[in-house]
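Chains as they are written, first to last, in my numbering: chain W, 1 to 665; chain U, 1 to 120.
Quick caveat, the hints were computed from the structure, so don't treat them as lab data. Model, not experiment: these values are computed from the prediction. Just so you know, even glycine gets a beta-carbon here, dropped at the ideal spot from N, CA and C. A portion of the hints provided could be inaccurate.
Unchecked claim - In silico contact screen, one side only, chain U against chain W (beta carbon under 7 Å); selected entries:
{"hint": "1", "residue": "K74"}
{"hint": "2", "residue": "G75"}
{"hint": "3", "residue": "I76"}
{"hint": "4", "residue": "P77"}
{"hint": "5", "residue": "I78"}
{"hint": "6", "residue": "T82"}
{"hint": "7", "residue": "G97"}
{"hint": "8", "residue": "G100"}
{"hint": "9", "residue": "G120"}
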Amino acid sequence: MMDQHRQAFQEEARELLTELESALLELDSRPDDVDLIQRTFRALHTIKGSGSMFGYDEMSRFTHQVETAFDHVREGRLAVTADLVNITLAAGDQIRSMIEGHSADNTETKEILDKLARLVRPASAMAERAEQKAPSAEVIRKWRIGFKPSPALLLHGTNPILLFRELRDLGNLDIKVNADALPNIRQMDPESCYLEWNLTLETSQSADNIRGVFIFCEDDCELRIEADAEAQSVRNVEAPTVKKDDLIREPWTLGSWERRRDPYSVGGEKVSIRVSTEKVDSLINYVGELVVVQARLSQIASSSLASELRVVAEEVERLTAGLRDHAMSMRMFPLKNTFERFRRLVHDLTRDLGKEVEFSSEGGETELDKTVIDQLNDPFLHLIRNSMDHGIEAPEQRLAAGKPRAGQIKLSASYSGANVVISLRDDGRGLDRDAIRTRAIEKGMISSETQLSESEIFNLILMPGFSTSEQVTDISGRGVGMDVVRRNVEGLRGLLEITSTPGEGTTVTLRLPLTLAIIDGLLVRVGAAHFVVPLANVLECVELKAEDVRAAHGKCLANVRGDLVPYVRLRDYFRLPGARPDIEQIMIVETADGRCGLAVDEVLGDHQTVIKNLGRVYRHVQVISGATILGDGAVALILDPQRLVQQSIRAATKLLHHTSHELVN
Amino acid sequence: MPKVILTVDDSSSIRQLVRFTLTGAGYEVIQAVDGQDALSKLTVPVNLIVTDLNMPNLDGIELIRQIRTRPVYKGIPILMLTTESQDSKKQAGKAAGATGWIVKPFSPDQLLAVIRKVLG
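If we strip away everything but chain W, and leave its shape as in the complex, we get:
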């Protein structure tokens, strides 16, 4: 039970730490922003408060010290400086590791606290002085309350004594009873109330809260509540400590019966519940199976004569599609948090590299599958490090080149059909084509005669073992990195594209599918074998007649409205048995190497499918990204057109080299 609560706390704390970090980083550029200071303080306060409830005492004590510093900031006694931001960021890292259950690095925490103490000391001295002069105070007001119950009050079950007890809980209460209306004992009705009371209450509570005490008998009495104007006393506020009431909040107050806003909630955020990723994953798994079964049902229904069955199958299809979309959207997360993390990276690297860089981001609300987001972290880490290290010049160099002192790094994300496009732009020196070429020749990756287009040259830096940096720094230039980035992105079925203008900067663009678990595909047949090609890759389908094939003189080139497009015949590629039909179908797909066709016997139509991994044995088979089960229970392989075309080109080039060598010899 407790474990479950602790886990919930850990999740909450992780979010709060991210919030803390982003507030701090923004504070760095806008140190006077009151809102940011409040956000920082609230994050620290909540982490501290909840932490102590769940047994993280050490963490809570540590956080308290950090919070105190921000309390001084909040009160205007301490200014936000780069130093304070850096120390607090480091403190956040410590808190994170304490929450994850690692024991704190005592020297580190002590160092942080010492540094904080040095910053805070003048401020607390100021605070003490300030307190002597004009104590920061909470206003205690004196209220005069006149309470005259109707005679029937007691009959309705209200006990005035209980009301006075409740008032006493709000502050100092003085009770005076007025028994003037009490009749002679002979005429008195013992069940009626003849008394009236004049009360004086000293409290910091509002009139509404006082009125709340009388909520049940408002109709049964005359009630006057007046603030005593001349008598206002002030009381020093005690040092901020966490009160039990702060931690256990009731969503309803007795007094107002109105929903009270959670003081720690961030305005405008939608209500959400936490669900473990395991649950979501297993839901998606079930939905996946359901999609397969539904496809099967639709297939049976379409070949059945029973029209009722067809109606039901269509309804099931509609519902399944809706269910699938909603299930998938549960895995979608905005990129905001990831972007914030990179802001921190840029901040830290700026210090380490002695460069000045301004980080900006847009499109943080763009959502992507959680698994995709998780796997984007490393690629972007490399890309940002590269930009900071190689791209952005030192401030003097930039000034000499007529650019502003501080470099710009901008991350942006947007939707593009079923894809998300994320780009990283810097305004650094740009890629040096000649240097890349020379380096590639040195490394034996290309020969000195090879003619390469601009994009081919840029693609060289994505090859394993390539690095142009003259010096290998701690941050980048070890020759790993870009090829890892490429592999990661391709592993996510994404495309990587680099554009660069010398002196103006470099842009790296990633095009990623929204989700990995389900794809909309085109089901095709070659002989007895079925394949699925992701629909997102397919531009169009054209017919290939036997006479067209003859006209091309054995070359795999198709004439698509006047353009010659090369194609790969899947029957040949996979060495499938059987004769090809007179009319074949070509799917034209978009790849990094341009348009290319895939020739098949027949295009069967749309097929929405859940990707099943092929397992470890097949992990080296690159042209196949997975498998799916068809409606009739047969298995269809899911093709990766990108890789398939690449491999075909490679094989063809090898053949070409081979023949040209033979000719020379």
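With chain W fixed as given, assemble chain U onto it according to the hints.
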């Protein structure tokens, strides 16, 4: 001596929740399924009555009115369970002699807070 509370509701889940909450807080609970059942069970002294308003056989308002006619129960606190949209019902309940109300839905803590308010 624990204080005795009579709870009246036709919904078994609400009865269960209320009973669970009240016994957990140390009260002794008597349950009734509607107004008639409640009247028949009022043979022992109780310290507080918590009643729903919409019930078959005898509704909450009539129950409150009848309870207030019995001398023994004239001054005891009666809380009614209302929904926010039932403002007129609330007024009618007050007129019949209810002490206070609890707005549904409520949390166990809210229930206990209101009970402590009228029961001390």
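Taking the hints in turn, this is what the structure says about them:
no.: 1; hint: K74; in the structure: holds (6 Å)
no.: 2; hint: G75; in the structure: holds (6 Å)
no.: 3; hint: I76; in the structure: holds (6 Å)
no.: 4; hint: P77; in the structure: holds (4 Å)
no.: 5; hint: I78; in the structure: holds (6 Å)
no.: 6; hint: T82; in the structure: violated (11 Å)
no.: 7; hint: G97; in the structure: holds (5 Å)
no.: 8; hint: G100; in the structure: holds (4 Å)
no.: 9; hint: G120; in the structure: holds (5 Å)
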